[in-house]
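Peer 1: Could you put together the complete structure from these sequences and hints?
In the order they appear, the protein sequences are chains F and D.
Residues 15 to 515 in my numbering are what the first sequence lists, from first letter to last.
Residues 41 to 156 in my numbering are what the second sequence lists, from first letter to last.
Derived from the structure by calculation, the hints contain no laboratory data.
These figures come from a predicted structure and were not determined experimentally.
Don't be surprised by glycine CBs; every beta carbon is placed ideally from N, CA and C.
One or more of the hints may lead you astray.
Claimed, not checked - Here are a few chain F residues that face chain D, going by a calculated C-beta distance under 10 Å:
| hint | residue |
| --- | --- |
| 1 | L153 |
| 2 | F181 |
| 3 | I190 |
| 4 | D213 |
| 5 | S245 |
| 6 | H247 |
Chain by chain, the residues:
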Amino acid sequence: MNLLVLPIIIPLLAAAVCLLFWKTPALQRWISFSGTFLSFISICILFWHVVNYGPVAIHIGGWQAPIGINLVADALAVIMLLVCSLVGVCVHLYSIFTRNETLEKFGHHPLLQTLLVGVYGSFLTGDIFNLYVSFEIMLISSFALLSAANGKLQIEGAFKYMALNLFGSFMFLAGIGILYGMAGTVNMADLAVKMSALDDPSMATATGMLFLVAFGLKAAAFPFFSWLPASYHTPPSAISAIFAGLLTKVGVYTVMRFFSLIFVQNIGFTHELIVVMGVLTMIAGIIGAVGQYDIRKILSFHIVSQIGYMLIGFGMWTEIAIAGAIFYLVHNIIAKTNLFLAAGVINRLQGSYHLDYVGGIYRQRPYFSILFLISALGLAGIPPLSGFFAKIFLIKAGLLDGRPIVVFLMVFVGLFTLISMIKIFEKAFWKPVKEGVEIQPLPGADNPSVINSMMIPIGILAVVVVLMGFGAPIVFELCKLAASQMLDPSAYIHAVLGGGF
Amino acid sequence: MQSALAIVIGIIFAAGVFLMLRRNIVKFVFGLALVGQAVNLAIFASSGMTRYHAPLIHPESLYLSYQSADPLPQAMILTAIVIGFGLLAFTIIILLRTFQLFDEVDTDELQMVDKS
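Peer 2: Below, the structure written as structure tokens:
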């Protein structure tokens with residue numbers, strides 16, 4: 015199954031070719047976009063294959079697992095790959111249309127490609143050490159992208175982002191060392207087999223906590239989330255959109271992967287803890303968003319609060335709850351990225367992200383307002399958009415699992431999400447600009463071809479939000495397939511350790 | 041040997057965390073570097089320190105015929121050192137830029153992102 019290598023190789027090659035044309039950003043733009051697009055195509059084929067024929071694995075260099083390095087794709091991995099590459103294509107298109115030439119000079123395109131290599135690698139890798147390496151590739155690219163604009167705000171945001179994320183990486187590395195000492199392997203499938211046969215599971219739970227801290231930090235879960243609202247509103251809009259869509263979700267994915275495959279010795283403790291973390295994350299995020307008036311800061315706090323929903327769904331550890339969490343993950347990646355892209359357009363049109371300095375966009379651009387409203391209401395969970403079904407599945411799972419308080423909090427936080435979204439829509443779109451405030455559009459705001467082309471990726475993602483709402487049963491069946499593979503990882507283990515391709 | 045190393049790792053780790061909790065961001069970066077070293081040592085210690093030969097297979101045989109030391113932890117640590125080195129270099133650059141832009145190393149004074 016050589017197809018598995020393509021999503022990693024293609025962006026890596028594109029990045030390398032981009033570096034050859036360092037001095038000509040115009041050429042880099044299209045090389046890099048073809049890299050993003052071709053990897054999207056290869057992921058579509060992989061997705062089709064895995065959904066129809068079950069998990070696949072490849073042993074690099076012919077060395078059989080658990081000795082060799084391997085790549086694995088199960089349903090969860092391909093769902094994540096598909097959504098992330100779709101978002102990657104849209105954000106890339108957007109970044110081309112915004113024509114930010116100073117950024118392109120600093121290597122925006124090759125860095126975007128290496129970021130995608132890290133993200134795809136994290137989803138596909140079959141051993142924990144390569145997961146660490148993929149994480150670091152992703153991290154170093156994101157550091158560079160974050161600080162490329164090189165202003166005061168960006169550098170300070172980058173420092174805060176780096177400080178906590180590096181500490182998280184070290185925790186992850188320490189966990190890998192201890193896990194290797196315990197089980198003598200770094201292959202995930204092999205670890206799943208060996209950890210289930212462990213004499214003393216308490217040690218495994220203790221190691222699991224190291225990983226929970228590391229991934230909780232990446233996923234911006236309570237109490238490790240403070241780096242996110244301090245940094246996500248600082249870079250240019252295309253970069254903050256791809257961060258918002260992909261990076262924290264990779265953290266959630268790894269929590270799901272590790273605590274479904276490796277650390278399942280003491281579910282009563284670990285998964286309960288994840289639920290508690292989720293509830294606190296949800297509430298902390300929503301409280302943080304209340305007092306904010308910067309659009310991207312409000313959205314950043316909402317990223318935190320929605321990570322909470324996913325953790326709750328996963329921690330409940332029933333098939334419908336996990337499927338709901340995956341559905342939520344997919345929906346959130348798309349809706350959140352789109353809102354960040356729309357925030358970029360607002361900034362382009364009126365020169366600010368602050369709600370006090372923008373206004374009246376509905377009169378100026380009614381179609382754009384509707385695209386924004388679709389994503390905003392989708393995020394808040396208004397039927398028939400995708401967020402409504404994401405929440406309904408989680409609420410149903412919570413009721414079936416007998417957790418009325420958690421369900422009540424989920425509904426309550428959902429209500430506050432709606433209030434925040436209405437706050438943005440009211441102040442930026444409906445109300446005219448405050449008296450005495452002069453709006454200063456950025457270059458290109460009066461050029462209809464720039465603004466209209468920026469609408470293309472936003473339109474695509476908004477359509478996906480609507481389609482996911484109407485096609486919710488189909489998407490949910492897919493998520494259920496992924497959830498069943500997580501609850502019973504024998505297919506995953508068989509794909510890696512038995513047979514092979 | 042392993043217990044002695046465990047104590048050493050503990051001390052380095054504690055020193056690193058202590059430095060990271062200071063308000064001075066230069067000390068913070070030093071702390072981060074120390075924690076990184078402690079973690080590399082932890083991989084080394086926890087994956088079993090054995091006094092055996094290098095795992096070299098004799099040209100005429102297909103398998104390893106004698107007991108050997110495990111080379112994988114060393115390979116992992118080497119990778120981790122390289123990655124950690126790169127990240128640390130980048131962190132120091134950001135540190136320098138922060139100092140150039142703000143003329144300040146106290147975290148209490150670096151609150152621009154929270155106020156915007």
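Peer 1: Look at each hint and say if it fits the structure.
Peer 2: Each hint, compared with the structure:
Proximity of L153 (chain F) to chain D holds as hinted, the smallest CB-CB distance being about 7 Å (cut-off 10 Å). Because the smallest distance between the Cβ of F181 (chain F) and any Cβ of chain D comes to about 7 Å, under 10 Å, the interface hint for this residue holds. Among the interface hints, the one on I190 (chain F) holds; its C-beta lies about 7 Å from the nearest C-beta in chain D, closer than the 10 Å criterion. Proximity of D213 (chain F) to chain D is violated relative to the hint, the smallest CB-CB distance being about 17 Å (cut-off 10 Å).
Here the hint on S245 (chain F) is kept, as its CB sits about 7 Å from the closest CB of chain D, short of 10 Å. Nearest Cβ of chain D to the Cβ of H247 (chain F): about 7 Å, under the 10 Å cut. The hint holds.
Going down the numbered hints, you'll see the structure goes against just number 4.
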